[in-house]
Amino acid sequence: MKSMKSLCFVSSALLSSALFSPPLLAAERIVSAGAGISELIIALNGSKQLVATDSTSRLPQGLTLPNVGYHRQLASEGILALQPTVLVGSDEMGPDHTLQQLQQAGVRIDKLSSRADVATLQQNIQHLGTLLDQPVAAKQLSQQVEQQVTALHQQAGQLKQRPRLLYLMIHPGRPAMVAGGNTPASTLIELAGGMNPAAELSNYQLLNLESLLAMKPDALLVSTRSLQQDPQLLQHAFAHIKDHPQLQNLPVYPVPGQALIGGMNLSTVNAATRLQQVLVKAETTAETH
Amino acid sequence: MRLGTGAALALLISPLLAMAMLSLTTGALPLTLGDTWSALRGLGDPTHQLVIWQIRLPRSLMAIAVGALLALTGAILQGLFRNPLADPGIIGVSGGAALGAGLAIVLLPQLAIPWFTLGSTTLLAFVGGLLTTLLVYRLGHTAYGTSMAMMLLAGVAVGAIAFSVLGLLNYVADDEQLRDLSLWQMGSLAGASWPRVTLSLLATLLLWGWSQHQARALNALLLGESEARHLGVAVEQLKRRAILACALGVGIAVAAAGMIGFVGLMVPHLIRMITGPDYRRLLPLSALGGALLLLLADLLARSLVPPAEIPVGLITALLGAPFFLWLLKQRQEARG
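First to last, the protein sequences are chains A and B. Final position of the first sequence in my numbering is 291; the numbers increase by one with none missing. Final position of the second sequence in my numbering is 433; the numbers increase by one with none missing.
Just so you know, not all the hints are guaranteed correct.
Selected chain B positions facing chain A (in silico; Cβ < 7 Å) [to be verified]:
| no. | residue |
| --- | --- |
| 1 | G124 |
| 2 | A125 |
| 3 | L126 |
| 4 | L140 |
| 5 | T144 |
| 6 | V148 |
| 7 | Q151 |
| 8 | I152 |
| 9 | L280 |
| 10 | G288 |
| 11 | E322 |
| 12 | E324 |
| 13 | A325 |
| 14 | P404 |
| 15 | E406 |
| 16 | A431 |
None of these hints come from the bench; they were simulated from the model. C-beta: ideal position from N, C-alpha, C; glycine also.
All chains should be modelled from the sequences, with the hints used to inform the complete structure.
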């Protein structure tokens, strides 16, 4: 077993040194338990060091890795069998006894904050850059995020007024829920230059038609996937919406679900940029009319 | 197809041993029989030792203990209520334990009791299960003794109250807590640790010992309460003690592993079909059958989708319910 381990170590080290030439010691075997974290690891050239991800992570085409399941329900033996050196996840991963057992077996546990703000994203980039021994890539990525956020702020200043945007989570047959202030959806709205009228709520809360009307949204955001599954989802989620012309004609913008799970991540920033373009365009169209 | 006690014991003990062996050697980490044996003796690769001593062995033992506890209580309660549908849920334990665990998950997520290593969810689940059972027992207690019919109805009503409060907790819970709640209700043996294993094994032995001692009285009770009284059974006392014993047993099982359905309902029925309703045989055989079923279910739970796991409660229901239906149908046809 020992020789097997060192064989793996040597071969992966050789492989990564051939590709990126980092120092030999850098080859970690990483299990990533978090969508945003896996995304960052891949963006930081770390996919060679990744041995498994959790059920929320999306991998680029051509890369398939074992799935360790839901990040709050990790199974110690399954993870141990992958012989990782470190388990990286958000501060929500667990359960604790699994983490303790992994630690006993010599696996390092690396918890990153899942707060939905840009500063946390930057911290996580730095942290993973050090872990993967990719300081240059981390610096580049960090600058790229900073530029993107600066551009977002500048563009937002040019909007005549901050549109009131609500993100709705709609599952067929279940009442709609609205994203409160501490969610990545809310951060996305703010970054794009809008404002979330539901920001005083926390997490996701149930929303009825009356409260929706009271929040006077200028547009609604829903996940791309649910809009594809049911283009009429608003009509299905809110009966009598047709009696409210102001709501019926409300623009509905799709947001990729990947941007909204597991704290602030790179997809959130990219989705904010795209949403802002849509908002700017909508304002210009409204002016010409 | 009724069998003698010896044959039935052999029929259950040998697969239980085989299943326990299989459970120790199977898992996400491939270990040979030799690896397992040296790890058991504290030799060889430290990772193997950790997997065997901290993960597979406590887990297998807990599957045995919890499976046996659930099946034993099911057997006792079915006789006590003279109702084939009786399972631990009927005296309110499941509802109360779920409510206790829900309170711990949603309202006290930060509560860590330093000397109590089992965690607040476990503690509150146990306390919740016990309190609701006492309430149901109180409600069923009339001037003429304990009315089983009244207890049955009170159990249903108290269960409904517990689950509606749980619904309220679901409503106020955030996404993570919601997911924790639903996973807890599906049951899992992944939390097996030595203190839990010791506690549940001890409870199993005590419950089995006590109920075996009462087997003749439980048999008499099958005839009816007044008949049992005429045969010299202290019926009130038996009912009170049996309910308390079952509440403690199920409380410990549920606190240790969450809600695992179908074992308590199904296993005693299966055993009755094989060996008949005599409690002297029914009790030990139910315990063995429950242990065997849960061990198999847990083996599947942790080896079907590695490196992830499936909650074991899902497997017991998926595996058990169709098999049970098939057996019922077989028996019906055999009778003609």
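Cross-check of the supplied hints:
At a threshold of 7 Å, the smallest CB-CB gap from B:G124 to chain A is about 5 Å, leaving the interface hint in force. Using the Cβ-Cβ criterion of 7 Å, the hint placing B:A125 at the interface with chain A is satisfied: the shortest such distance is roughly 4 Å. Interface hint at B:L126: satisfied, since its Cβ lies 4 Å from the closest Cβ of chain A, which is below the 7 Å cut-off. Hint status for B:L140 relative to chain A: violated, with the closest Cβ pair at about 13 Å, above 7 Å.
Of the supplied interface hints, the one on B:T144 holds, with its beta-carbon coming within about 5 Å of a beta-carbon of chain A, less than 7 Å. With a least beta-carbon distance of about 6 Å to chain A, the hint placing B:V148 at the interface is held under the 7 Å criterion. For B:Q151, the interface hint holds, since its Cβ comes within 7 Å of a Cβ in chain A; the closest pair sits about 6 Å apart. At a threshold of 7 Å, the smallest CB-CB gap from B:I152 to chain A is about 5 Å, leaving the interface hint in force.
Checking B:L280 against chain A: minimum C-beta separation of about 6 Å stays under 7 Å; hint holds. For B:G288, the suggested interface contact is upheld, since its CB lies about 6 Å from the closest CB of chain A, less than 7 Å. Among the interface hints, the one on B:E322 is violated; its C-beta lies about 46 Å from the nearest C-beta in chain A, farther than the 7 Å criterion. The interface hint given for B:E324 is violated, since its Cβ lies 50 Å from the closest Cβ of chain A, which is over the 7 Å cut-off.
Taking 7 Å as the C-beta contact cut-off toward chain A, the hint placing B:A325 at the interface is violated, the least distance being around 46 Å. With 7 Å as the threshold, the beta carbon of B:P404 comes within range of chain A, its nearest partner Cβ sitting at about 3 Å, so the hint holds. Of the supplied interface hints, the one on B:E406 holds, with its beta-carbon coming within about 4 Å of a beta-carbon of chain A, less than 7 Å. About 42 Å separates the beta-carbon of B:A431 from the nearest beta-carbon of chain A, more than 7 Å, and the hint is not met.
Taken one by one, the earlier hints fail for this structure at numbers 4, 11, 12, 13, 16, listed in ascending order.
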